[in-house]
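Number of protein chains: 2
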Amino acid sequence: MAVIPDFDLKVRAYAELMVKRGVNLQPGQLLMLSAPVEAAGFAHTVMEVAWEAGAKDVLVRWGDNTGGELRLRHAAIEVLRDIPAWLAASYNDYATEGCVFLALDTEFPPPAGLDPEKMSASRIARMQATEPFTEARMQGVVRWCIGSVATAEWASLVYPELGAGEGLAALWHDVLFCTRCLEDNPLAAWDAHIARNNAYRDKLNAAGFVELRFTSGLGTDLRVGLPGGYYFAGSQETDSHGDPYIANMPSEEIFSAPHRERVDGVVVASKPLFYNNTLIEGLRFTFKAGKVVDFSADTGAEVIEKLLATDSGSARLGEVALVPAESLIARTGKLFYTTLYDENAACHLALGASYPESISGGLEMSKEELEAAGMNQSLEHVDFMFGTPDLQVTGVDAAGIETPVFTQGTWAL
Amino acid sequence: MAVIPDFDLKVRAYAELMVKRGVNLQPGQLLMLSAPVEAAGFAHTVMEVAWEAGAKDVLVRWGDNTGGELRLRHAAIEVLRDIPAWLAASYNDYATEGCVFLALDTEFPPPAGLDPEKMSASRIARMQATEPFTEARMQGVVRWCIGSVATAEWASLVYPELGAGEGLAALWHDVLFCTRCLEDNPLAAWDAHIARNNAYRDKLNAAGFVELRFTSGLGTDLRVGLPGGYYFAGSQETDSHGDPYIANMPSEEIFSAPHRERVDGVVVASKPLFYNNTLIEGLRFTFKAGKVVDFSADTGAEVIEKLLATDSGSARLGEVALVPAESLIARTGKLFYTTLYDENAACHLALGASYPESISGGLEMSKEELEAAGMNQSLEHVDFMFGTPDLQVTGVDAAGIETPVFTQGTWAL
Chain Y
1 MAVIPDFDLK VRAYAELMVK RGVNLQPGQL LMLSAPVEAA GFAHTVMEVA WEAGAKDVLV
61 RWGDNTGGEL RLRHAAIEVL RDIPAWLAAS YNDYATEGCV FLALDTEFPP PAGLDPEKMS
121 ASRIARMQAT EPFTEARMQG VVRWCIGSVA TAEWASLVYP ELGAGEGLAA LWHDVLFCTR
181 CLEDNPLAAW DAHIARNNAY RDKLNAAGFV ELRFTSGLGT DLRVGLPGGY YFAGSQETDS
241 HGDPYIANMP SEEIFSAPHR ERVDGVVVAS KPLFYNNTLI EGLRFTFKAG KVVDFSADTG
301 AEVIEKLLAT DSGSARLGEV ALVPAESLIA RTGKLFYTTL YDENAACHLA LGASYPESIS
361 GGLEMSKEEL EAAGMNQSLE HVDFMFGTPD LQVTGVDAAG IETPVFTQGT WAL
Chain H
414 MAVIPDFDLK VRAYAELMVK RGVNLQPGQL LMLSAPVEAA GFAHTVMEVA WEAGAKDVLV
474 RWGDNTGGEL RLRHAAIEVL RDIPAWLAAS YNDYATEGCV FLALDTEFPP PAGLDPEKMS
534 ASRIARMQAT EPFTEARMQG VVRWCIGSVA TAEWASLVYP ELGAGEGLAA LWHDVLFCTR
594 CLEDNPLAAW DAHIARNNAY RDKLNAAGFV ELRFTSGLGT DLRVGLPGGY YFAGSQETDS
654 HGDPYIANMP SEEIFSAPHR ERVDGVVVAS KPLFYNNTLI EGLRFTFKAG KVVDFSADTG
714 AEVIEKLLAT DSGSARLGEV ALVPAESLIA RTGKLFYTTL YDENAACHLA LGASYPESIS
774 GGLEMSKEEL EAAGMNQSLE HVDFMFGTPD LQVTGVDAAG IETPVFTQGT WAL
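Line by line, the protein sequences give chains Y and H.
Residue 1 is where the first sequence starts when you use my numbering, and the numbers rise one by one after that.
Residue 414 is where the second sequence starts when you use my numbering, and the numbers rise one by one after that.
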């Protein structure tokens with residue numbers, strides 16, 4: 001691996017990017033920072049940047065994958081279900097405008113032999129206990145951002161052929177490249193990227209399409225109907241005061257929801273899907289009236305079979321996202337084993353739940369109202385990539401007039 | 414440095430020692446584990462051992478020296494004073510018999526230029542907020558143990574002449590040596606050590622001394638009166654149910670309280686004292702009727718001057734502790750820059766507060782009652798070593814009969 005010049009400066013620029021553009025921390029605000037103990041060094045850089053940006057306080061919540069795995073293995077399910085009141089309060093007491101939330105994430109080789117029931121009990125108990133805080137994020141009260149930190153463990157997944165040190169260096173290079181932190185002025189590069197991304201978002205929302213059609217040389221030939229009042233969201237979001245933030249770093253996508261009953265044709269995945277500890281290759285779905293009626297996969301088909309059977313919405317689509325083939329993530333040519341990166345490498349669809357904000361007024365609607373409006377409901381949300389360098393995307397309006405959206409894998413609007 | 418054979422096994426034995434003898438974790442109990450992020454690897458070993466010993470749950474509280482220093486530097490004093498209710502509850506809700514508390518500690522090069530007022534405000538606020546939990550430890554409701562973990566940062570203090578890797582290896586060797594973890598069966602070695610230590614403790618408590626006299630070739634010639642009802646405590650303590658635990662690892666001392674008004678003569682320190690970020694060498698005190706009336710030091714005298722002026726008790730003694738010259742810590746010949754180790758290298762005294770348990774019934778007495786009984790009161794408690802290989806300690810009973818306690822630096826009782 002080539003050594004990254006000024007590595008420390010670039011890592012610091014990455015921390016700055018997440019603090020200043022990601023959560024958009026303002027002087028006098030509290031930064032809640034979630035970080036794995038394996039990434040303590042980078043977390044300290046984030047803390048420095050936050051204090052210098054005028055944070056009132058920095059509250060650090062250390063994550064610990066190894067310790068968490070031991071707990072899942074050994075603790076009784078009642079213990080995992082029992083979230084202490086102070087722990088819930090340690091999130092929910094910060095569901096206020098004065099707080100922004102930055103989550104540093106990293107990947108680990110998936111542990112074998114954990115009890116799926118215990119895993120799900122633990123996750124659900126924690127989700128339920130901290131719902132007011134999550135709600136505050138979803139409603140734009142608490143600005144938030146999630147970004148990844150390169151660690152030796154994650155590198156062992158992405159670069160199994162390299163030694164630990166070399167793999168880590170290669171992965172840091174990818175992280176800094178994909179987040180535009182190898183450029184001279186990452187903040188300016190992001191501002192330009194967001195401006196471009198917002199412009200496409202606005203064009204899509206103004207075009208009056210009722211359907212998108214996708215075709216690729218791999219065999220994709222799919223018509224995706226859009227629900228009435230659909231809204232395409234881009235990389236930048238706005239909080240309840242209209243202040244901007246970027247919830248995902250990197251973020252290249254513009255996405256909305258397909259109509260749950262108006263998807264027809266064939267879609268062929270262009271990248272392997274890593275889901276439920278399984279690598280699924282050669283994935284292909286056939287849809288009829290919104291529902292998967294046939295599928296095949298070279299590996300991992302049994303995992304997809306289970307996914308489709310989870311509930312009444314897990315065989316229908318909840319997200320359609322446009323990502324150009326020249327996306328920085330695509331350019332690395334790597335599978336990162338994390339949706340945060342992999343979904344930004346290519347146009348993708350998600351089986352399962354839609355995001356309420358994908359139609360106007362959706363945040364105020366009940367699940368029943370959303371479903372009636374064509375918005376899919378499910379416990380699942382699993383993204384898979386089908387974008388290719390030859391992908392054609394065509395928008396169709398109510399009069400049947402066709403407009404090129406992507407030609408040769410990239411924006412034509 | 415010689416490589417330590419079976420290093421991983423010995424480190425695991427050290428974790429076992431702290432879990433099984435330190436906090437004496439029983440099946441079905443909760444382990445509250447405090448650990449610095451720099452020592453995450455060792456903390457994981459402790460977690461494994463605790464789960465295998467049948468812990469009901471392991472609650473980890475990650476410490477972070479670098480982050481804490483940044484916060485002290487940047488946060489306003491009001492922010493440091495404001496301890497959230499959930500944080501206090503995250504300790505105080507565990508002030509119950511079902512919980513044991515293990516604190517992993519490590520040292521760091523002291524940060525320069527921190528505001529002492531902010532440091533003290535932060536420490537006091539946290540101490541006050543978590544007083545019920547501390548009280549539960551002090552009353553023997555929650556068994557606790559504090560032990561050290563070797564880190565590169567601590568090694569840079571103890572072995573400044575070595576490179577990072579070599580220094581860390583040398584310091585791990587010291588930690589494992591001083592805690593008897595280089596022996597074949599560390600648990601058995603500790604059981605034998607505790608039996609010896611308890612036997613001396615019992616002899617001291619049965620001897621009926623009213624005064625101890627200390628003389629050494631360095632110039633120490635000191636008479637230390639003991640308060641009525643004094644009690645010598647050893648390395649092993651017992652909780653409110655009479656179950657044993659070892660609060661300090663390592664622990665070689667047997668200690669009680671001097672009478673606050675009955676200390677006379679000269680004491681000459683035998684090791685440098687590291688206090689308030691300052692190395693104090695060549696320290697010598699003259700006492701009259703319990704109070705320091707004169708002192709000198711080759712370096713750091715101004716720090717001692719401030720210490721003595723802190724309050725009405727900081728120029729009097731709160732602890733007298735007997736440690737034989739053959740103590741494992743003494744044998745390393747090193748200064749560890751942490752009281753946990755350094756005080757176990759030699760006989761020592763502490764300026765400042767006495768421990769209430771050093772007289773019978775002391776835990777139930779008010780500060781005024783304790784002081785009236787001769788037990789010194791102060792905000793400070795600063796240990797300094799004066800033990801030497803030629804130290805003589807003589808016990809004197811009410812009839813004036815003298816009994817050798819130490820000859821040539823070690824036990825003669």
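FYI, nobody ran anything at the bench for these hints, they're computed from the structure.
Idealized CB from N, CA, C, for every residue including glycine.
Hints are supplied without guarantee of correctness; some may be wrong.
Claimed, not checked - Cut-off 16 Å, straight-line C-alpha distance, at most; resulting in silico cross-link-like pairs (EDC-like, lysine to aspartate or glutamate):
| # | chain 1 | residue 1 | chain 2 | residue 2 |
| --- | --- | --- | --- | --- |
| 1 | Y | LYS56 | H | GLU491 |
| 2 | Y | LYS56 | H | ASP495 |
| 3 | H | LYS684 | H | GLU782 |
| 4 | H | LYS701 | H | GLU674 |
| 5 | H | LYS469 | Y | GLU78 |
| 6 | H | LYS469 | Y | ASP82 |
To be verified - Residues from chain H that face chain Y, not an exhaustive set, calculated with beta carbons under 8 Å:
| # | residue |
| --- | --- |
| 7 | VAL450 |
| 8 | HIS457 |
| 9 | MET460 |
| 10 | GLU461 |
| 11 | LYS469 |
| 12 | ASP506 |
| 13 | LEU581 |
| 14 | GLY642 |
| 15 | PHE687 |
Status of the hints after comparison with the structure:
1. For the suggested pair LYS56(Y) and GLU491(H), the alpha carbons sit about 10 Å apart, so the restraint of at most 16 Å is met.
2. For the hint pairing LYS56(Y) with ASP495(H), the CA-to-CA distance comes to about 12 Å; that is within 16 Å, so the pair holds.
3. With a C-alpha separation of about 34 Å, the suggested pairing of LYS684(H) with GLU782(H) is violated against the 16 Å cut-off.
4. About 8 Å separates the Cα atoms of LYS701(H) and GLU674(H), which keeps this hinted pair within 16 Å; it holds.
5. For the proposed pair LYS469(H) and GLU78(Y), the alpha carbon gap of about 10 Å is at most 16 Å, so the pair holds.
6. Distance hint between LYS469(H) and ASP82(Y) is fulfilled; the C-alpha atoms sit about 12 Å from each other, no more than 16 Å.
7. Satisfaction of the interface hint for VAL450(H) is found here, the shortest Cβ-Cβ separation to chain Y being roughly 4 Å, below the 8 Å cut-off.
8. For the restraint placing HIS457(H) at the interface with chain Y, the shortest Cβ-Cβ distance is roughly 5 Å, inside the 8 Å limit, so the hint holds.
9. Look at MET460(H): its Cβ gets to within about 5 Å of chain Y, closer than 8 Å, so that hint holds up.
10. Nearest Cβ of chain Y to the Cβ of GLU461(H): about 6 Å, under the 8 Å cut. The hint holds.
11. The beta carbon of LYS469(H) is positioned within 8 Å of a beta carbon in chain Y (closest approach about 6 Å), and the interface hint is therefore held.
12. Interface hint at ASP506(H): satisfied, since its Cβ lies 6 Å from the closest Cβ of chain Y, which is below the 8 Å cut-off.
13. For the restraint placing LEU581(H) at the interface with chain Y, the shortest Cβ-Cβ distance is roughly 17 Å, beyond the 8 Å limit, so the hint is violated.
14. The beta carbon of GLY642(H) is not positioned within 8 Å of any beta carbon in chain Y (closest approach about 40 Å), and the interface hint is therefore violated.
15. Restraint check, PHE687(H) versus chain Y: the minimum CB separation of about 25 Å is more than 8 Å; hint violated.
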